[in-house]
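Student: Chains A, B and C, in that order, are what the protein sequence lines are.
Quick note on my numbering: the first sequence kicks off at 1 and runs consecutively.
Quick note on my numbering: the second sequence kicks off at 224 and runs consecutively.
Quick note on my numbering: the third sequence kicks off at 355 and runs consecutively.
Rather than coming from a laboratory, the hints here were simulated on the basis of the structure.
It is possible that some hints are incorrect.
Listed below are the simulated SDA-like cross-link pairs for lysine to any residue, each with C-alpha atoms no more than 25 Å apart in a straight line [stated by the list, open to error]: (1) C/K1132 to A/K154; (2) C/K920 to C/Q759; (3) B/K256 to A/R55; (4) C/K475 to A/L156; (5) B/K256 to B/R243; (6) C/K475 to A/D141; (7) A/K168 to A/C135; (8) C/K475 to A/L157; (9) B/K301 to A/G38; (10) A/K202 to C/I1086; (11) A/K202 to C/D464; (12) C/K960 to C/I1086; (13) B/K348 to A/P10; (14) C/K950 to C/E935; (15) C/K1147 to C/R380; (16) B/K301 to B/H291; (17) C/K475 to A/D72; (18) A/K154 to C/Y528; (19) C/K625 to C/G592; (20) C/K507 to C/N439; (21) A/K202 to C/Y528; (22) A/K21 to A/C135; (23) B/K287 to A/R55; (24) C/K587 to C/N439; (25) A/K168 to A/C147; (26) C/K1132 to A/P200; (27) C/K487 to C/R551.
Residues from chain A that keep clear of chain B, each with C-beta distances beyond 12 Å, as calculated [claimed, not checked]: (28) R40; (29) A43; (30) A46; (31) E47; (32) R53; (33) Q56; (34) E74; (35) V96; (36) A102; (37) A124; (38) A153; (39) K187; (40) R189.
No residue lacks a Cβ here, since even glycine has one placed at the ideal position from N, Cα and C.
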Amino acid sequence: MIIAERRPLPEILANLSPYKKILVLGCRGCVAVCSAGGDREVAILAEAIRLARERQGSPVEVYEEILIRQCDPEYLQPLAEWMSKIEAVVSMACGVGVNLIADLYPSLRVYPGVDTTFYGANVALGEWVEKCRGCGDCIIDQTAGLCPIARCAKNLLNGPCGGSQGGKCEVRKDMPCVWHLIIDRLKERGELERLLEITPPKDWRPAGGDGLRVRKRPDLTLS
Amino acid sequence: MAQGLRIDILCCNYTNLAEREDFYEVPVEIEIKRFPCGGHIEVTDILRALRLGASGVMVCACEKGTCHNGKGNERAEKKVLSARNILQEIGMEPERITFYFVPRLDAESFVEDLKEFYKKLLELKIKERSR
Amino acid sequence: MEVKSHLQRVLSSGQLAVTAEIGPPRNADPEVIKRKAKLLKGYVDAVNITDCQTAIVRISSIASAILVMAEGLEPVAQMTCRDRNRIGIQADLLGASALGIRNLLCLTGDHPKFGNHPMAKPVFDLDSLQLLKLVRDLEEGYFANGEEIKGRKPQFFRGAAENPFAEPYYIRAYRLAKKIKAGAQFIQTQIIYNVDRFREFMEDCERLGLLDKVYILAGITPPKSVGMAKYMKYHVPGLDVPDEIIKRLEGAKDVREEGINIAVELIQRIKDIPGVKGFHIMAIEWEEAVPEIVKRAGLYPRPEYEVPIYPFVVERVVERPVEMVVEKVIEKVVEKPVEVIVEKEIEKPIEVYIEKAITELEEGMAKGQISLESFIEILANLKAGLKQIKAGMDSVEETIEILEQEFFGKGKPTKVELKEVPKVEEKEKIKPQVQPEIKEKVEVKKEAEVKPEEEKIAPEPIAEVKPEAKGEKKPEVKPETKPEEKREESAEKGPEVKPEVKPEVKPEVKPEVKAEGKLEVKTRLFKGTYRPLSERAKKVPESAYLDRATGEIQEVVIGKDGKAIKVGGAKALNFHYFEGELPNSIQIAYEILDIKPEDWPESLAKYYQDVWHDPALWAKKCVEEYGASAICLYLLGTDPNGLNLPANHAIEVVKKVTSAVDVPLIVWGSGNAEKDVEVLREVSEIVGPRGAVIGPVVDTNHRTLGAVAMGYGIPVIASSPIDVNLAKQLNILLENIGVSLDKILMDPSIGALGYGIEYTFSVMERIRLAALYGQDTKLACPFICSIGKEVWKTKEASLPTDETFGDQEERGVLMEALTAVTLAMAGGDLLIMRHPVAVKLCYTLFNSLSQA
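Please put together the full structure from these sequences, using the hints given.
Tutor: Rendered as structure tokens:
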């Protein structure tokens, strides 16, 4: 899922300082699952804004609404009704939601409530770890299912580098060396000879090097 | 009341059975909100109490290992940490929120904790004035 | 201590500054940069060195800047944000400053998508504004992280680019203000054609009070052709080319001349706009135009200041390559002999030179000063020269001598000389009558013979003889008297012919006269100076110079049935007849275009302009009139950067041509890998069954085109950018998908005389040596060289006739012929050429050599 994290409150508050009527808009998609922008987080942010503005002596009306998703125009339709009641929206969805709101409601002031950080897995209660970087050209068939693009600080395709020690990465000691993991895994599978092949330089266009990425399914489009 | 202070106590239903007369030594306005369990106390509740006029919020939950629901008390402790972080971010003193593990049925120790918190809030108030 | 750059001094003195631009080469050859720098020196105050422009890998800007500095020209290094993060950028900037580079242009840079490595990870850690600020911070003593620079700080005259024509317009002046705020001291603008819009921009700048804060250099580009102007108008975003410019070019007789005029006029108009402090002249791939523009615009001479003292490091860096021992040895040994070959064609004393070298060697050997190994090596390098002598010193030298004499005038009028060249053609044509069946080969040989005769018989009259030729071509202009005189002087030569010729206008008339000449010539061939190699080298054991090849070149058959031609099959280096079998002579294909050529000089156009509206007629003319044994159809019109005509157009043209002529056909695509797939796939359906060659095939489209060619069993042109390894790799790739090596012609991407021919020569030679002597079978394919294209786009081929450069046509013909001969010696097997006279010249040489 897409992992996000609430932005620092001073920044959110600074963005909202000119407004008196604010909507905090949550999303029940990824950000709800990773506890960044679901019902509970919306309530907390709304309350924090109220409290902060109260203390600043400029009270504010904060409304709360949670949508099923913010990455689909249909699910954003309820926003139309809010337009007349509010001056600004803090979206707690990932960046996709914020962008889409800005696309669909150009006159609405929309501000991000979270920083969208990565694609990760919920490996433990309250802990999410990056597993994929969305580079558009999957290579983990070569690497025993472990992604060096996402998990190696140097994005090495022919690792490990000389900085791998005791299974840890030299860049951050709390980070396992993914190439160490790959080697262990390949060894278990008896596929170590895969490492003898030189993986050629990667084409970075599918990773966004080429600009806006678009996916189309002509078989799904209806006029 | 003389100092214009108000303390909100958010606590677990089971945590204490202290009554109004137990607090006679603490000369402040006190509001007690009982929750079904410490785990049910939300960050929002703490923040809302502050917004609605509380000078400080005291969150109490059962002592470790005695939670009726397993780990509700521990959750309450984490919520307090989270709420204190938010106070910090918006420029309020995190000390306005405190947390105590309170033994069940022991009103005395509970009141002691309250007194301690009260003193802290007084100090804050004095600091505020001197500014 | 502050060292002002030369550019900065010129600008601060209040004079209009002039800068130009050099695009470094896509290889490691420093000569290209040096040559361009020499060309510009004295005409500009500083020269920009692009940083891999359009994201194509080239010599780096800083390294090139050092080379330019060594030529005494001040560089403006360019730094983009595309390839380096802030660490790399700062490191390079420190280095640039340490090496004495004083001017720096800060750019964001073109996205890799536009270059030749679109899959590369774009960096863009910074943008141009952040870069400007970073440079200023460095100069003030701080790294980008705020850390202090301890010790010497870098120093630059900081520049930036601005495009007044990008939309929205109203933001441009503000953006400029931002760049100035970030640290820009001078600005080079985008290419200006729309002066009115530029004036508005400058007024905006004035309103914002920017003109006192920054030096603005207006960007000027002379349009080189109509195609280029159109390309800029329609395909370069943010470039505003008014229609009138294109109309002017279309209406111009000499497009390049008009392009220069346009540039000069632009400068005159822009000069007086307040705030313009100079000009940045970007003559893209046309550096030669810059001096002309500067002169005509009244910007010459350039101010001179004391040469700033560059750090010692610079000199060392420049000198090192020269000092390298290995290089020296190779260069000296290789170059002398190679030069000998070339010089032979131009100068008489070659023979002596070689003999001298041989005697020296002999002496050296006798004294034991030269080791046998080095001797063998030297001899190997001399081989080409020796062979040529063996092949027929007389005929070769004399042929060239005639041309040379004419070329340098020898007191005779240039115009007269010009006409001689056409004569040769005519002579050839005559031959068919004499020996109708054998046609080409015989003719060519005879011609070669004929030329020497003329010289010997009447050395002085040569000039006069030439006028005759003219008379034939342009009957009205030339007085009849001249032809008569000639007849008298060289009585044997058919005087009657001339009168006949005049009415016809075309060169075909002359045949009878020449035929006679030819016969006579034969007896004189090899007379006098020629001594067989065996005689001259008799003191040297044969084993010391004879070096038989261990490999052989594939033989490629082009076309089918009786008309098919064969190329390759060599078991020795070209013309080394004494070393091994060379079963197939060098073939020349006439090049025709699918559309009417736009920028062909008059001297070439006149041979084809009656037919070039119709490729079929054109092909027919080449075959029937000029005796072409093969036709190369260049599908220029399909180029996406040009007219971008669809595949249907190509099909139509190819159909026409195939039905008009039956000689083997070479279909040469636009060179755009994607478009060629589209076009050539369709075209192959038509030409496949009759046999043809298609290409160019490059690494990115070798799969599809290789498969198409295999389907029809036709050969492909494997095109690689002047590089041994890339050529080999492409051959291997093609072989991997099933194209056999005897279906591959290698196109090494040649350069014309004066435009990198030495580099082409060396690469081709290395490929051929690897194939013949290095057992490298993957390189053992014949070469195809597209010579016409390269030669006729040079400035020299199209500059008008004048006293310094001599006659336009003669110059062009010689350029093409010399390029062709040189590359034939390097191993060229199939040459694609344009000018019929040049073709004849080449055949003359080749045949006389093979005869010897």
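Student: Hints first: check each against the structure and report whether it holds.
Tutor: A quick look at each hint next to the structure:
no.: 1; hint: C/K1132 to A/K154; in the structure: 38 Å, violated
no.: 2; hint: C/K920 to C/Q759; in the structure: 36 Å, violated
no.: 3; hint: B/K256 to A/R55; in the structure: 23 Å, holds
no.: 4; hint: C/K475 to A/L156; in the structure: 13 Å, holds
no.: 5; hint: B/K256 to B/R243; in the structure: 13 Å, holds
no.: 6; hint: C/K475 to A/D141; in the structure: 22 Å, holds
no.: 7; hint: A/K168 to A/C135; in the structure: 24 Å, holds
no.: 8; hint: C/K475 to A/L157; in the structure: 14 Å, holds
no.: 9; hint: B/K301 to A/G38; in the structure: 18 Å, holds
no.: 10; hint: A/K202 to C/I1086; in the structure: 23 Å, holds
no.: 11; hint: A/K202 to C/D464; in the structure: 20 Å, holds
no.: 12; hint: C/K960 to C/I1086; in the structure: 43 Å, violated
no.: 13; hint: B/K348 to A/P10; in the structure: 24 Å, holds
no.: 14; hint: C/K950 to C/E935; in the structure: 41 Å, violated
no.: 15; hint: C/K1147 to C/R380; in the structure: 19 Å, holds
no.: 16; hint: B/K301 to B/H291; in the structure: 18 Å, holds
no.: 17; hint: C/K475 to A/D72; in the structure: 31 Å, violated
no.: 18; hint: A/K154 to C/Y528; in the structure: 39 Å, violated
no.: 19; hint: C/K625 to C/G592; in the structure: 22 Å, holds
no.: 20; hint: C/K507 to C/N439; in the structure: 20 Å, holds
no.: 21; hint: A/K202 to C/Y528; in the structure: 39 Å, violated
no.: 22; hint: A/K21 to A/C135; in the structure: 40 Å, violated
no.: 23; hint: B/K287 to A/R55; in the structure: 35 Å, violated
no.: 24; hint: C/K587 to C/N439; in the structure: 33 Å, violated
no.: 25; hint: A/K168 to A/C147; in the structure: 16 Å, holds
no.: 26; hint: C/K1132 to A/P200; in the structure: 23 Å, holds
no.: 27; hint: C/K487 to C/R551; in the structure: 29 Å, violated
no.: 28; hint: R40; in the structure: 7 Å, violated
no.: 29; hint: A43; in the structure: 5 Å, violated
no.: 30; hint: A46; in the structure: 8 Å, violated
no.: 31; hint: E47; in the structure: 4 Å, violated
no.: 32; hint: R53; in the structure: 9 Å, violated
no.: 33; hint: Q56; in the structure: 9 Å, violated
no.: 34; hint: E74; in the structure: 30 Å, holds
no.: 35; hint: V96; in the structure: 25 Å, holds
no.: 36; hint: A102; in the structure: 25 Å, holds
no.: 37; hint: A124; in the structure: 14 Å, holds
no.: 38; hint: A153; in the structure: 28 Å, holds
no.: 39; hint: K187; in the structure: 40 Å, holds
no.: 40; hint: R189; in the structure: 40 Å, holds
In the structure shown, a violation is registered for the earlier hints numbered 1, 2, 12, 14, 17, 18, 21, 22, 23, 24, 27, 28, 29, 30, 31, 32 and 33, in ascending order.
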